[in-house]
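Listed here are the chains, written in short residue letters.
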Amino acid sequence: MKQYLCRSFWLPLILLTCPIDSALADSAELYGLTQSTRSRVCAGGMTLVRVGVSNHGEEPWTGKVTLKWKRRVGRESAREVKLRPRQRVLFEVPMEIPQNFKRIKRFDLEVTLFDEGGNIAAYEGAPQQRRIGFMMDSQLPPLSMGTAIEAPPPKYPFWYWPLPPSTEQNTFEAIMAARIDAGNSRRAVGLEHEGLPIEQQEWQLFDLVAVSDPNLLLDHASRLSAKQYLERGGRIWVQMDKLNCDSIQPLLTADQCLMQVGVIQLHDFVVEVSDGVSDFAERERTVHVDSVIEMKRLVQAGGTVTHSIDGWPAAVTFNIGYGQLVVTALDSSGWISVRSRSASRDPLMDSKYTMYPWAKQLAGTIAGVARNPTPLTDQVNYPVQRLGTAVVPRLWVLFALGSYCLVLIAVGFVQYSGGRLASMGVIVPISAVIVAAMMLMGRNSINPDQSEIVSRLQLVEYASDGSSAQITEQAALKLNSVHDIRLQGTGLGNTEPDIADESESPPGVFQQSQSDFGNWTLGNYAWPAGVSRVRSDYRIYCKNQIVSAELTSSGVELNLPDGQAKLQDAILWFTRGNPMLVSSVAEQLFSSGEIKVGKQRWILSNLMTEEQNRRLEMYQILFGDESSKTRPTRRLYGWSELIETVRAPKSLKQVGASLQSMPVVLQRPEAGVEFELPYGLIELRQSGNQPGASTAYDDRSGTWQDELTQGMDREFEFVMPAEVLPLEAKSILLEFDVRAPQRKVEIWVLTQYSEVPILSADSPSLPWETTLTQPEILESVRDGVLEVRVHVSGKPKNASRVINWYVGHFHATIRGAVQP
Amino acid sequence: MKCDSFLYLKLIIASLGTLCFVGWAGAQEGLRGPNWKSDPNSAYFFQTHPPLFRLEHAWEHDPEVNVDWTLRGRPANLSLDSDTLRNGSKHECLLGTRQIIRNIEMRNITQAEEVEAAILDRLRSTEARDVTFRSALVSAAILMADSPEDLESLWLLEESNYETRMLVEKALLDSRSSVAISAWRGRMNQRPRSLREQLLAVQGLGAHGDPSDLPALKTCFFSPTSVLPIQLAAAQSMGQLATKGLEATAREALAEKEKLTGQADLTAAYMLKKHNSVESAEVLGRILNSSNRAAQVTAFETLTRHHPKIAQQNLKQFLVHPDPAARRLALRFAVESDANSSLGFLQEALGDINLKTRSQARTHLAALATDGSLKQGVAEAAAKTLQENDPLAIEQVCILVGEAKLSSLAAGMIEMLDAKPEATLVAAAWALQSLELDAESLQAVEDRMRRLTRRNFASKNRLPRSDALQLSYLIDTLVINRVDRIRPLLDQFIPKEDAAPPPRAAAIWGLGIFEAGSQDGKLAQKLAERLHDADPDIPEETIIKYVSAIAMGRILHPSSEEQLDVHLDRPPFPIGLATQWGLQQFASQSDGNTEESR
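One line per chain: the protein sequences are A and B, in this order.
With our numbering applied, the first sequence corresponds to residues 383 to 1202, in that order.
With our numbering applied, the second sequence corresponds to residues 17 to 614, in that order.
Here are the computed lysine-lysine pairs in the DSBU-like style, where the Cα-Cα straight-line distance is at most 30 Å:
| no. | chain 1 | residue 1 | chain 2 | residue 2 |
| --- | --- | --- | --- | --- |
| 1 | A | Lys537 | B | Lys372 |
| 2 | B | Lys106 | A | Lys1032 |
| 3 | A | Lys925 | A | Lys1035 |
| 4 | B | Lys186 | A | Lys624 |
| 5 | A | Lys925 | B | Lys106 |
| 6 | A | Lys624 | B | Lys372 |
| 7 | A | Lys1112 | B | Lys273 |
| 8 | B | Lys290 | B | Lys325 |
| 9 | A | Lys537 | B | Lys436 |
| 10 | A | Lys925 | B | Lys186 |
No wet-lab data here; the hints were simulated from the structure.
Could you build the full structure based on these sequences and the hints that come with them?
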């Protein structure tokens, strides 16, 4: 009886408290939960959880799947689900693993299915909530690799004769050989079954992706995504064994091209190596094989050929954005030979094959280096500075001080008239203390902006054909109280909270959610009060955002595309290491190189505003960081209003600026019309005529070492843009800012017939310049290259200590005309 | 302590025993010879990517059976929900397009027209403005397009979209449609946004333009800002459009060697591809003497078509050209221009280092041998090569003897049965199948076959692959020549584990021929066991089941009819085809009996 009473009491209570509509009427079920093989389960990595949801009902079902940490981490991932009646779907939800998980060995994620009303879905009475555990992978190689390799050649049916020449999967073996030679593990993520990723989050897991499966590049969406990965510093190795140029062409920039003109079968060949490092005898570069090795005959533009055979490129490297695309035209079997000695006892660190010695350098650059860095990866001060600080306005201060002075004068006059001027000795200090105290009180009570703000800094980098742009955004949100806030974005990308110290868990939970392809949200039901930061990375598509540059008699004139707002405080970055200040005269951008960029001089202005000071700091960061070594050239940087952004609630006031990087196309001047080619348009590099390279000058960044100790005897080339060739030079201005105490500095211009001395200076300490007009020198630059030899003597014999020398700049400015 | 030591000792002995067993088993596995297991997934691949040549077995294409059974593998059809493509979420739609792209090579999408229409509908929707999403749709639509009209409708949709229109343009290049020609012409007059766009325009004019486009192409070719790929493409396009009048341009190109970074000769050769004037011959002649091998081959190819006399003068140079493609071109030209005098070149080319080249030489010789007047010459050339010590050439000669049925060289083939390397001994055995053999030769073949059979069954070690294949071809030869003395030997090949599948298949096929109509019940039962073998551990090979069913159909024992009928396989699977053929033999036999009784 007692039991019955208990039951009769609890049953209605349970029925009342349970949400009947969700518990009984729900038809959706979580039916599968696995980890995708593409996950990288380590601190700072990402896990992809494959979730299956099934709608057993006869009505459409809408809901959401969320992934939550079992331990306290202020982030979760979500994905919206829309199901038709009786439909089953399988999808992946990404979850980033925090950097501070380094000591954790395993963790759990809770996967929950919510219905449209936000209740936990139930199926057959069971709440649809499961847990999935992950073991941290301690064996992961530091450099990660993805492979998209064609299916292995099938075995011949056993009654077939003759046998195939080789059943090895050479593309795979070559990748592994390169990987092992570069000191990395064989471990790689196979992308063959799923196809190349489309979401950038997944691409960012890889330092290198090797592609040889032609089917995977048939999908243009995958190619666009791969290109975005390249532009963001990724590296792709394309083996042309089974691919054709049409698949690769869309990955290249506007001024790059690759075309196949045939195929040659080789049995023995000699490889020419021009990687700038290797130096092998012909015998070491000769390969003989019994079977046949095919090589695609390619012609290319815009790339660097590191290996060639019989004049045809065997390996070409294309710089795309901050990343690199390496194309090997020689069949994979041509790069590898059987390894004579095992590389390691660990099978994951060993390979049956090894790259030929002449290919080891290439293997190192492909498989032995991490992804190139991109700008704005570290937090910058701009968005927080732009939020503003509580200060008393200048006018108020002016008014208060002015009034105080007037009152003081009036009181002084009255006291003087009354013959009590001595009392002023008491009145003045007391009144000064009172006014100062009032002003301090005013400062504390005054807040210039009580509203809640989102402050943004955007770096908008347009693709070389001006058809798309990658936006890297850092934003700071200042809230007066806790709010429910969501930031919404579209296109390929994402937004995430930017927490400098992950161990400090902010209040609330940041949920990264995806509703459909290309629609994402970052939300927090309790977005913390105060200042918090987020970062976004996404791509937009646009129309023809290309700057046209025209050479004039005094410099270069820059014309912005139609509809583009004027750029402020612009910098022309045409060649690496040679930024030029751009002035704005009557709505026209112009750069002559008269005033040179300096450490504190990135903006042409006599009186710098606060905003300009912030911009100056940004330029210093941007052009001083590691990413500037791979930063695309022929660019115009400039500031404008914010463009298409990740949408924040309208209640938040929006401030900020956008630093735009636009591709510059130099127009060919009309033949015979004289122009000046400023130094910023002429690239300085070390000559390839001499073996090796001097450490004094870095070709990659276009910069000189800060403090040089050893002497130098090196040939350099000033390379002019192809648009001005053939060039009829009228004069050449050479500027060399060198400080070399107790050393002798000499410069010669190398012409076809002789070395013309132009400078010989002992202990130079001031910038030097000269204008060259000798006919043989002017004639020598017809094909666009001015060759010079620079000699700086070594440590003086009588010097007791090493005396450093340094170079500020070495520039050439040319006046001339294009020959017809 | 004693107890522990004893336990350790036992453990050590047990471990050693296990190791010995594993080692022995491994060695046995190794000694059993090559892995004969077939890869079922390879079937479709070999249908679409056949090997350069292969030596077929007699049982594979039995003229009496006349059943094409081989390589039936084909992936299952892909069925897509067009409603999902049309109305589903972008995620779902993307998954669909990726499936289409992955399966497109198979061309196995059901209701393809409906799927294509759904993709086009989706392209017209507003959300398809997202460039990435649109690109996926366009990629799938292009791959599904069956006709130029499909591409034209796609062009109308994409003409104004920079990223996707280039995809359609590429597809249009290879189609018969010239719908984009005005866009390409327009682009030649303005600065293109990218080299990719310019390349498409230049190639498009070459494929679909007319001679009026030559000036624009010429301007593009000589433009100081043009890069090498564009210049080569422009030269190719000019060569496609013009049959005369480009001689001066080609000369001009040759003069710009520096600017064309080593490819001036190739561009000039491209331009003159369709020219037949004396001036063009002179320019092409100059290119032959250049150092650019690709240009030499292109120029020589043009000369063979339009100036055969000049090509003839340079023939010897190209027969020893470093590029195998040039050597093949020269061989073809030599055969076409003077078959009789080409015999010597072809004979020399049989030993070429390049497999494709020596195969081509052999194919040419086989074709020449069909001409009665040249057959003797071919035989002499083959005999001469057999005397030389060039294994590559000898292998080709063996195959040539079989292909051209050069029975006069049968003795030479029998000699080669013991030759090295293995490629020669297999090819020689294969050649014997096609030859008319005298009694002495047949006896030699039989002796060799008996020797190999003895070796096969004398030890548990299987024959190496080459010997097993040779044995298979020798059995074929003896069966074709109806040498029924070997009939008792063939029974040994029926059991599963005693011989490699190829000689077993040949033997069972031979048993069927020797015992045709005999209604041998014991033999029929043994064959039925092979046909129905369902041992999951060591499954019977498909080809053995196939030849067993064929043999049962020939022997015609009454019990076999039911055995054939109950087998689960049906056409088009190989065993199904064989059982169907077997049942047809029973049916035609009963028809014959009925006729007789009437």
